[in-house]
Each structure stands twice: as C-alpha cells, then as structure tokens.
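> Could you put the whole structure together from the sequences, leaning on the hints where they help?
Here the protein sequences come in this chain order: R and Y.
Under the UniProt record's numbering, the final residue of the first sequence carries the number 644; numbering is consecutive throughout.
Under the UniProt record's numbering, the final residue of the second sequence carries the number 644; numbering is consecutive throughout.
If you want the ones that stay clear, here's a sample from chain R, every Cβ over 10 Å from chain Y, calculated:
no., residue
1, 116
2, 242
3, 338
4, 342
5, 346
6, 476
7, 483
8, 510
9, 533
10, 611
Derived pair list, reagent style DSS-like, types lysine-lysine, alpha-carbon separation capped at 30 Å:
no., chain 1, residue 1, chain 2, residue 2
11, Y, 129, R, 546
12, Y, 506, R, 53
13, Y, 235, Y, 319
14, Y, 53, R, 225
15, R, 592, R, 453
16, R, 506, R, 546
17, R, 405, Y, 17
18, Y, 235, Y, 199
19, R, 405, Y, 332
Derived by calculation from the structure, the hints in this document are not laboratory data.
Every value quoted in this text rests on a predicted model; they were computed, and no experiment measured them.
Every residue, glycine too, gets a C-beta built ideally from N, C-alpha and C.
There are 2 protein chains.
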Amino acid sequence: MRKGIYLENTPLAEALKLWADMIASEGIGPLGGESVPVADSLGRITAEAIFAKLSSPFYHSSAMDGYAVRFAETFGASESDPRRLRLGEETVYVDTGDPLPDGFNAVIMIEDINVIEGSQGQGHIEIIKPAAPWQHVRVIGEDIVSTELIVPENHRMRPVDIGAIISGGHLEVSVRRRPRVVIIPTGSEIVEPGTDLKKGDIIEYNSRILSALVIEWGGLPLRFKPVPDNIGKIKDAINEGCDRGDLIVINAGSSAGSEDFTAKVIAELGEVLLHGINIKPGKPVILGRVKGKPVLGIPGYPVSTYITFNLFAKDLVYKWQGLEGPDPEFMKARLSRQVASSLGQEEFLRVKLGRVGQNLIATPVSRGAGVLMSLVRADGIVRIPAMSEGFGAGTEVDVEMLRGKKDVENTVVCIGSHDNALDILANVLKKNHTAFSLSSAHVGSMGGLIALKKGEAHMAGTHLLDEETGEYNISYIKKILGHRKMLLINLVYRQQGLMVPKGNPKNIQGFGDLTRENVVFINRQTGAGTRLLTDKYLKELGIAPKDVRGYEREEYTHMGVASAVLTGIADTGMGILASAEALGLDFIPLAKERYDLAIPADFVEMPALSAILQIIRQSGEFRTSVEALGGYDISDMGKVMYES
Amino acid sequence: MRKGIYLENTPLAEALKLWADMIASEGIGPLGGESVPVADSLGRITAEAIFAKLSSPFYHSSAMDGYAVRFAETFGASESDPRRLRLGEETVYVDTGDPLPDGFNAVIMIEDINVIEGSQGQGHIEIIKPAAPWQHVRVIGEDIVSTELIVPENHRMRPVDIGAIISGGHLEVSVRRRPRVVIIPTGSEIVEPGTDLKKGDIIEYNSRILSALVIEWGGLPLRFKPVPDNIGKIKDAINEGCDRGDLIVINAGSSAGSEDFTAKVIAELGEVLLHGINIKPGKPVILGRVKGKPVLGIPGYPVSTYITFNLFAKDLVYKWQGLEGPDPEFMKARLSRQVASSLGQEEFLRVKLGRVGQNLIATPVSRGAGVLMSLVRADGIVRIPAMSEGFGAGTEVDVEMLRGKKDVENTVVCIGSHDNALDILANVLKKNHTAFSLSSAHVGSMGGLIALKKGEAHMAGTHLLDEETGEYNISYIKKILGHRKMLLINLVYRQQGLMVPKGNPKNIQGFGDLTRENVVFINRQTGAGTRLLTDKYLKELGIAPKDVRGYEREEYTHMGVASAVLTGIADTGMGILASAEALGLDFIPLAKERYDLAIPADFVEMPALSAILQIIRQSGEFRTSVEALGGYDISDMGKVMYES
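So this is what it looks like as structure tokens:
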C-alpha cells in the first residue's frame with residue numbers, strides 16, 4: 001500500500017505550457033487527408049485546397065425560356081421593321097437551362113416575340129428588337145471556371161461547399177482524418193451500465209461524457225472496455241491505445257492512492273511530465289508521453305473528469321483538424337453570495353445565471369467534484385484565481401458559458417423553499433414553451449424572500465407560518481419586502497410530517513420520540529419553513545435542540561431529508577408527503593401548510609414568468625401531475641392570496 | 001407547350017403566414033419519441049422528462065483515502081488523550097470511492113491518523129480528534145437522488161446529460177424522432193455526379209446541399225433518385241414521399257415553363273396553396289399540401305434553391321423537434337457601392353464583409369441565381385425590401401451572417417486587380433494560419449486604389465503603367481492616395497499577352513489582327529490595368545475601339561477572359577500567361593509588367609495582414625506554387641517598391 005505520496009501542485013498555466021511544449025516537440029499538427037464522398041463531407045475539414053475540375057455550366061445554356069438566335073441575324077429589327085426568323089433554322093425554342101444549339105449566341109425571351117403560323121419546327125417568330133451578343137445566355141463558367149479555387153485547405157465543409165465541389169466535377173474530397181482519442185476507463189469497481197449492481201460498484205459513464213465531447217469537437221472516440229486496477233492490464237491497454245489512437249486518456253487512477261497505478265504505468269512505458277495541478281476540482285492530472293503520443297491521466301470524479309479533459313484535450317483535438325477551437329463565450333455577472341476558496345488552488349466554480357431586472361446574477365451550485373448534476377444544472381463556470389481566497393457577495397465575475405446567452409435571458413429564477421411541484425412546473429414549462437426555463441435554487445423560505453429583496457430572483461417559494469396571526473407568508477413579505485409591490489400566489493397546500501423508513505421500525509409517532517436514545521433525526525437548514533415548523537413543535541413540547549440527536553445535521557431539500565431517512569443516515573426527518581412517497585417512505589402527518597409563490601409585481605410581464613403563471617392557473621397537465629405526487633391540495637392553485 | 005403562365009407575386013411575409021397556418025391546421029408539432037441508447041443520444045432532443053431511477057452514489061462511500069470509523073466511538077479523542085481504534089473491527093481502511101462498511105458512518109483522512117503496529121487488519125490507528133457524523137462520506141444520493149428530474153422534455157442532450165442519465169440508472173432514453181425530409185430532384189436533364197457528361201446534362205448537386213442543411217438542422221434527409229420531367233413519375237415520387245417523409249421537397253420544375261410539372265402534380269394529388277413569391281432570387285416557389293403533409297416546390301437555380309429551402313423548411317424541421325430555430329446572427333455594415341434592385345421584389349443580396357479600420361464594409365458579390373459560388377464566397381445576406389429600389393453607397397445595412405463574426409474580423413480584404421497568385425496566397429494563408437482569411441474582389445487596379453482611399457480594403461493589387469515615366473503604380477498612388485502613408489510591395493512580374501484557342505486557329509499574331517472581320521475580341525473592364533494596356537496598344541497602332549469586334553463586352557478577371565476564349569465566346573483577349581496556361585490556351589506574349597500590392601501603412605500591424613506579408617517574403621511553399629502557375633518572375637517578391 002502506497003500512502004502519503006503527495007501530488008505536485010503545478011500552476012495551471014505552467015502545466016498547459018508543459019503540455020503545449022511537448023506537443024510541439026513531437027511535431028504534432030494537422031493530420032493528413034482521407035478521401036470521402038463529397039456528399040458525406042459535411043462539417044469535415046479540407047486537407048487540401050479544392051480547385052474546380054469542370055466549369056459550371058460546362059456548356060452555354062439558356063438563362064430564360066425563349067428562342068435561341070444568332071445575334072448577327074437580328075440586327076436592324078425594330079417595331080417599324082420587324083424581323084422574321086425561321087423556326088428550326090434561324091431560331092430554336094429553348095427552356096431555361098437548355099444548351100444553346102451550336103452556332104447560336106443569344107436568347108430572346110418568350111415575352112418579346114410573336115410566333116407566326118404553326119408550332120415549333122414549322123413557322124416563324126417575329127422580333128422587334130435586335131438581340132445583344134450573348135444576352136440571356138449562361139455562358140460556360142458563369143458559376144465556376146475550371147481550375148478556380150472553390151475552398152482552401154483547412155476549411156470546414158458547409159452545405160453550399162458540398163454543392164459547389166460536386167458542381168466543380170469532384171466525387172470525393174480530401175478531408176483531415178478525424179483525430180482518434182482512445183478513452184480507457186479503469187478501476188476494479190467500475191461496471192458497465194446495465195450490470196446487476198452490488199454495493200461498491202460504480203457505473204461507468206465518464207467515458208460516455210468524454211466520447212460525446214470528442215464527437216462535439218470533431219474527433220473520433222475509441223472507447224476501451226473498463227480495465228481493472230491491475231498494472232499489467234493498464235499497461236496493455238495503454239500500449240494498444242498508442243497503436244490505435246492519437247491521444248490516449250486514462251480515467252482514473254490518476255491520484256496517489258493505494259490503487260492509483262496510472263502514473264506508475266505511464267512512467268514505465270514512457271515519461272510522466274507532470275503529476276498534479278493546482279486546480280479544484282481536478283488536481284490529480286497526469287501529463288505524459290508514451291511512444292511519442294500524448295497520454296493524459298485524469299481523475300475519476302465526474303466534474304474533475306470533465307474540467308480536466310476540456311483543459312488538456314480540447315485544443316489538441318482542434319489542432320489535429322487544422323482548426324483553432326471556438327472562443328468560449330463569456331457573460332459578466334454578480335455573485336449572489338460570498339464564495340470562499342482555498343488559497344493556492346484555482347477553483348472552477350459552477351454557477352447558475354439569471355437576469356433579474358438589470359442584473360445578471362450568478363449563484364453558485366454544489367461545489368463537490370462528485371456532483372455531476374452541478375454541471376448539468378450550471379449555466380457557466382467562474383474561475384477563482386489560485387491567489388484569491390474567494391469573492392465577496394456582489395463581486396462582478398466573468399462567467400464562461402455552458403448554456404446559450406439567450407437561454408439565460410429566458411430563464412425564470414426561483415429561489416426559496418423547495419417543493420417537488422417546482423420540478424413538475426419546470427418540466428411543463430419547457431415542454432410547452434421550448435425557449436423558456438425555470439431554474440430553482442433551494443435556500444429555504446426566508447432565504448427566498450431575502451433573495452427577492454436583493455434583486456437575485458424573480459420569484460420565491462415560501463411557507464412561513466406567522467405563529468401570532470396563524471397566517472402564512474404575508475407578514476414576512478410585509479416585513480422583508482414592504483417597500484415593494486408584491487403578488488402572492490398560492491401554488492399548493494401540502495402535508496408536512498415526519499418521514500420514517502417503510503414499516504416504521506423504530507415506531508416513531510411524533511416529535512416526542514425525537515429525544516429517544518436510539519432515534520437519530522435529520523434537520524433542515526435555518527430559514528427553511530420546515531425548520532421553523534420543526535422548532536415550533538420542539539418548543540411546544542419543551543424539547544431542547546441539544547436533546548435531539550442529529551439536530552445539527554442539515555439538509556437543504558425535502559428530497560435530501562427523505563434520502564437520508566431511506567439510506568439510514570437518520571431515522572426520521574420533517575418533510576412533505578410527496579417526498580416520502582417518492583422514495584417509498586412511511587409518513588406521520590403533522591400539519592397541512594400553505595405553499596405560495598411570492599413575485600415582485602414588476603416581473604409579472606416577463607414572458608417566461610407570465611407563461612409560468614398561465615400554467616399554474618390553467619394547465620390541466622400541471623394539476624394532474626402535481627396531484628399524482630401525493631399529499632397536495634390544489635384547490636387554491638393560482639389564487640392571489642395577497643397583493644400589495 | 002404551356003407558355004405565358006405567369007406566377008403569382010405574393011409578398012414573402014404573406015407566404016410565410018399561409019405556410020404557418022397550413023402547418024397549424026394540420027396539427028403539426030413536436031414528433032413522438034423513439035428509444036435510443038443513452039450513449040448515442042448526443043444532440044438529440046428529449047421527448048419526455050428524464051427522472052433518476054437510481055440514486056448516485058447508491059451506497060455510502062468514502063470521499064477520501066482514509067479510515068472508516070463509527071463516529072460515536074471517536075468522541076473524546078484529543079491531542080492530550082489520543083484514541084486508539086482496532087483495525088478491522090473499530091476501523092477499516094478505505095480508498096476514495098470504496099463503500100463504507102456496514103455500520104460505519106464517518107471517514108478520517110489518512111493524513112490525520114497514525115497507524116500503530118503492523119498493517120491493515122492487525123494493528124491500531126491512533127486519532128487525536130473526534131470524527132463528525134458522516135464526515136468525508138459521499139452519502140447515497142449526494143449527486144442524484146432517485147426520482148429527481150435530470151433533464152426536462154425538449155432538452156438537447158449534451159455530454160454531461162449523457163453521463164447523468166446513465167448514472168441515474170437509464171440505458172436508453174426517449175428522444176424525438178428526427179423529422180424526415182424527402183428530397184426529390186427532378187428534371188430530364190439532371191444526371192448523377194460521375195456520369196459521363198454530354199452537352200445539356202446538369203450535374204445533380206442541389207439535393208446534396210439540401211440534405212446537408214437538413215442534417216445541420218437535426219433532421220433526416222431522404223434523398224430520392226432524380227426523376228425525369230414526367231407527370232406520372234413525379235406523381236409516383238410525391239406519393240412515395242408522402243408515405244415516407246414528414247416534409248416533401250421537389251426541386252425543381254416549380255416555375256411555369258413547358259416542362260414545369262410540379263405545381264400541376266401537387267394540385268392533382270392535393271392542393272397548391274400558392275405559386276410564386278415576390279423574392280429574388282427564388283420567385284417560383286410552390287407551397288402545397290398532399291395527404292395532410294406539407295409539400296414544397298422550389299426552383300432549381302442553386303442560390304434560389306438554398307434561399308427558399310431555408311425560408312420554408314428550416315423552422316419546420318426545428319418545430320418537429322420541439323425546438324425554436326437558432327436566432328440568425330446579424331452585423332451592421334456599410335455598403336461599398338450602390339445597389340439597384342427591382343421595385344416589388346424582396347432581394348437577397350449576397351455580400352462579402354471586411355473590417356477596415358473602424359468600418360465594417362459590405363461588398364456585393366455576383367447576384368445571379370445560378371452562381372452558387374456567390375454563396376460559397378459570401379459572408380452574409382442583405383435583404384433589400386420589396387418597396388425599395390435599392391441602396392446608395394455607404395448605406396448602413398443589416399447583414400445576416402453566413403460566416404462567424406470572428407472570421408470576418410480576421411479577414412484581409414483585397415480589392416483591385418486580379419491575379420491568379422492571389423488565390424494561391426489565400427490558400428497558403430488559410431493552410432498556415434487557420435484563423436485568417438484573404439478575401440479578394442476584382443474591380444481592376446484603379447478600382448482597388450479608390451477602394452483603399454474610401455476605406456473599403458486593406459490592400460489592393462495593382463499594375464498601372466504610367467506611360468510618361470514608364471514606372472508602375474507609384475504615380476497613381478501619389479495621385480489617389482497622396483494624403484496617406486503607403487507601402488508598395490512587389491508580388492510578381494508577369495507576362496501579359498493575347499490568349500487564343502489551342503493551335504491559334506485564326507492565326508492571330510498581335511493587336512493588328514483585332515480589326516479583322518472574323519476576329520471577335522473580349523475586353524476587360526474600365527479601370528483594369530489590363531484594359532489600360534489594351535487601350536495603349538490600340539492607340540499606338542491607331543486602331544479605333546469601334547473597329548474591334550467585341551470591344552464592348554467586358555470581363556472582370558483574367559480567368560473570365562480565358563474562359564470566354566476557351567468556350568468560343570471570343571477568339572482572343574488580353575490577359576496573363578498563368579490564366580492561359582490554366583485553361584490550356586495558346587498565348588502571344590506582348591509585355592512583362594509589374595504587379596504590386598498597395599497597402600496603407602496603418603494596416604501592416606494587423607495580425608492577418610502581417611501573416612500575409614510574412615508569406616510573401618518568406619514562404620517557399622508560396623513561391624514554388626506561384627512559379628508553377630507559369631509566366632511569373634518572382635525575383636522581387638516581397639520587395640518594397642515605394643514607401644511614403
């Protein structure tokens with residue numbers, strides 16, 4: 001067992017330079033050409049300039065429906081002295097595109113002649129104006145002259161290029177071979193999707209993400225079957241990879257743990273240029289070279305995999321095609337909250353973006369390297385420099401975009417309490433209004449109202465009970481957003497209670513049981529409506545928080561609490577019936593509460609938000625789906641509960 | 001023979017509305033789903049929301065290399081009172097990602113412990129700090145909780161989505177069936193590429209352009225074999241198309257000529273909604289419906305084909321996928337010259353763009369509907385409204401982009417005299433500097449200097465002989481650009497002369513022969529250096545232009561003149577040896593002339609232009625290729641001939 005082998009902490013810029021220098025020293029540049037049928041070349045990159053072999057058109061042809069003539073024979077024609085031309089001899093009918101018969105050198109439009117006696121081949125036509133030489137004739141080479149350059153080398157084939165190259169007499173075209181990226185998933189715990197899963201298995205999906213990225217960049221992924229943590233087998237795979245690919249990527253085993261063999265194998269087969277970079281996530285990167293080929297070892301946590309592969313493989317795949325990679329798109333945004341970051345590491349922070357009024361707001365999502373959903377949900381990435389300890393709330397940051405700018409502008413930002421019905425709402429919105437999105441962040445009811453106040457959200461889900469009045473939400477809105485014209489719209493009434501595992505093995509009946517030695521509770525975060533409700537019950541029963549085991553462990557969503565109960569992290573937790581039902585838990589109902597959406601009145605006219613309100617008020621599909629979740633009363637759905 | 005059947009002239013907006021209404025009346029909307037392996041779903045559009053079937057991770061696992069413990073057993077550990085835990089019983093070594101053994105509920109990092117006596121399974125570890133519950137544990141569902149929404153319906157699959165959906169327990173995913181677009185090439189004159197060509201044949205390539213567009217939009221093209229102009233066969237093809245496709249496109253036969261059957265067949269099988277639109281090019285469009293399917297007849301000239309297909313098929317192909325089409329990109333530019341346009345027709349003018357200093361300049365390219373190269377070369381399209389008679393020079397116009405904005409910014413605009421070496425230069429530039437382009441427009445030497453003066457070009461090719469001084473270019477630059485700091489760099493010396501068909505059948509020996517009855521000349525346009533040379537020779541010989549047959553017919557390039565001679569439009573014309581050799585013509589040498597590039601000094605630092613100068617001065621590849629063209633003396637290539 002190797003332990004305590006620490007990685008280097010090379011600055012990213014230095015690592016990129018090391019990689020670029022190695023690539024330059026190996027003379028890596030645009031790949032050679034391969035011949036493909038022109039019709040199949042869309043999106044490929046030309047490996048040589050394409051010149052026309054044929055002219056187009058390759059014969060003189062009529063540009064109009066009309067009569068071909070010899071222009072010299074039309075001289076002198078006028079209204080007072082019309083000229084007659086014998087059909088079949090002095091003139092011939094031609095459709096647009098017909099070749100001009102030999103010896104003819106102009107066309108008179110059908111509108112400008114009279115046909116005299118009989119039909120084509122017998123009678124005459126009469127003209128009242130001479131024809132100019134070559135009028136209404138598409139002469140040879142009007143479009144493309146033989147030998148002319150159609151597209152240069154390093155040109156990405158577009159639909160019109162395909163047409164022009166076929167027109168220029170080519171059947172095949174030489175395009176750069178696609179760079180082949182060998183992707184080797186490693187790890188004894190890795191299993192293929194669809195395998196019967198047992199504890200300890202990890203479903204292999206990183207290679208599918210990497211393959212799809214390679215395809216997006218124009219390369220050809222060669223995915224190997226997963227290789228166990230075995231030095232000999234990893235060696236074999238890398239050797240085979242070097243024979244078949246241009247770039248070899250090993251995922252993972254790139255750290256310095258007891259079963260991390262990647263660096264050792266690369267060093268034995270070739271050379272390790274570097275092991276460890278000062279980025280987060282993604283530190284355990286190996287840059288290497290085997291048999292003159294670049295070899296990349298990248299870590300296994302999916303966010304790390306994605307970020308490091310982009311950093312070290314993307315430009316290379318473009319370079320092999322003779323292209324520069326597309327410039328990343330950036331937007332400037334303000335951070336909605338403070339972000340601390342470790343000094344000495346450059347952090348890649350995933351953020352969601354929303355345009356609220358004039359402000360583009362960036363809200364960090366989960367920072368875990370293992371949370372792939374943070375990338376699925378993110379709109380962009382903010383880099384926090386190694387020399388920074390983070391950013392304060394409100395800092396303007398540059399966001400590298402993962403979604404289109406237009407999508408961001410069409411997104412309604414909902415920050416506040418979590419409810420499963422919001423997922424349904426997001427989906428019904430996207431289904432019926434492709435251009436619009438609903439993005440939810442879960443910070444609790446109070447956090448949502450504060451986000452509205454700070455101009456960070458368009459709406460907030462809230463279920464805050466005022467113990468004095470017995471009324472929900474209104475007194476809090478008056479207090480926090482009293483200065484602002486607000487609308488409070490009911491979404492649902494919902495059942496709150498204690499979730500317990502199926503069969504309720506610890507026989508929990510209510511909050512009184514939370515003080516039992518053998519009962520571990522899981523809490524919600526401060527500011528959540530459900531937390532307020534929890535604290536209210538504890539207070540009513542005179543139970544001190546310190547007497548509840550697990551009171552200090554907080555989850556941010558109902559589903560998080562349900563998952564903790566399902567998986568044995570806790571024996572019970574407070575949440576809504578819908579979440580209990582989603583994971584097949586039992587449920588001890590305690591309260592029916594009102595869950596409303598608070599919306600500043602000036603956002604109501606925003607097209608995406610008005611679509612959301614229409615769905616809440618009118619969509620049968622939405623109502624049916626919400627009721628199917630269980631535990632909801634939708635009788636007031638869409639009703640205005642308060643208006644200031 | 002049907003003649004004189006005139007098309008309608010429906011305004012485009014009205015035609016689009018008619019089409020949209022028909023589509024709505026047929027209830028055409030997003031297509032249903034088909035199941036594909038998740039790994040193959042990149043770029044496809046989800047046909048339903050995807051929820052996680054599994055949690056990820058689906059077991060508690062260690063987030064660090066270290067030791068799993070039961071947190072309760074670590075309470076009280078401190079530096080002064082270290083706690084020992086028995087290996088194998090109270091603690092177990094775990095690598096990152098290993099499942100937490102049953103009953104364990106926290107991990108202590110390897111850096112924070114001491115291992116006492118022996119290896120794993122025997123000794124103890126010593127800790128000096130208690131573990132917090134669940135510390136360094138990736139709990140079940142940390143990434144994805146079972147039942148959670150991963151992506152909504154109508155979502156375009158990205159690499160990270162593929163990973164998350166596999167991780168969520170799916171092997172297949174339901175994505176919208178690709179819309180099938182049946183493309184039927186028609187015309188008795190149409191032949192497949194690769195056929196032995198005879199006069200009158202037209203190589204079929206429009207369907208390849210349309211197929212590639214359909215693929216770019218996410219659809220599936222079904223290309224039929226070409227169908228001759230035969231009513232029965234066209235009918236059969238459309239019937240089969242309706243069985244197999246979602247949209248049926250017939251190209252061409254959409255006009256009203258004697259062999260244009262498309263409208264008649266659509267009317268017989270179904271309904272013609274409209275025949276003829278007020279656009280140019282592209283007027284003869286047929287909008288129809290057969291068996292409830294949209295049927296589109298579009299004209300055969302390739303630019304018309306391209307423009308009308310984009311107008312009527314693009315949004316529909318996106319709609320079937322549940323998407324909105326991407327917004328076109330626009331740039332504002334100023335027209336470099338006046339453009340007249342027919343009142344009553346909306347014209348789609350192709351333009352090249354170039355950033356010259358602060359100005360983005362749009363220069364119209366060929367306007368012929370048959371000139372596909374106008375689309376290959378164009379950077380964008382300017383629409384001239386039907387109610388406008390055109391735009392004056394300098395008018396600001398909106399350009400719908402066909403190329404990326406960045407590409408335009410990296411393009412050197414060369415306006416002036418034409419020389420074949422400029423094609424070579426463009427290609428060597430693109431090959432060695434992917435990001436840069438050279439765009440040439442041929443308006444003659446004088447036109448080029450004037451374009452520099454007007455701020456429309458970065459450089460101008462020029463070969464203007466001052467008869468008084470015997471010197472090239474310098475006196476003209478002083479006259480036209482005297483106010484400006486200029487650089488004049490030699491590109492080549494080249495051979496000018498008369499081009500004649502192979503074998504010189506009319507035995508032309510010099511300009512003296514141009515007055516012969518049986519000799520037709522082809523001229524260059526006013527302002528071309530070659531035109532000045534022509535006029536100089538005629539003047540010296542005392543020949544009046546009116547005595548030269550064909551003097552009034554002008555071509556804009558050497559290749560245009562060569563092509564006219566090759567194809568019998570003329571018997572001879574003045575031009576450079578390289579063009580004669582390119583088309584296998586004979587050549588009567590008359591003069592060696594100097595061809596320079598005039599460049600305003602302030603553009604020399606522009607990266608793309610400085611790359612061009614480097615190629616001219618240093619590239620062996622460029623020199624070799626230019627010499628291979630024939631007739632060039634490159635001894636002064638790159639030399640500064642004049643500097644102001």
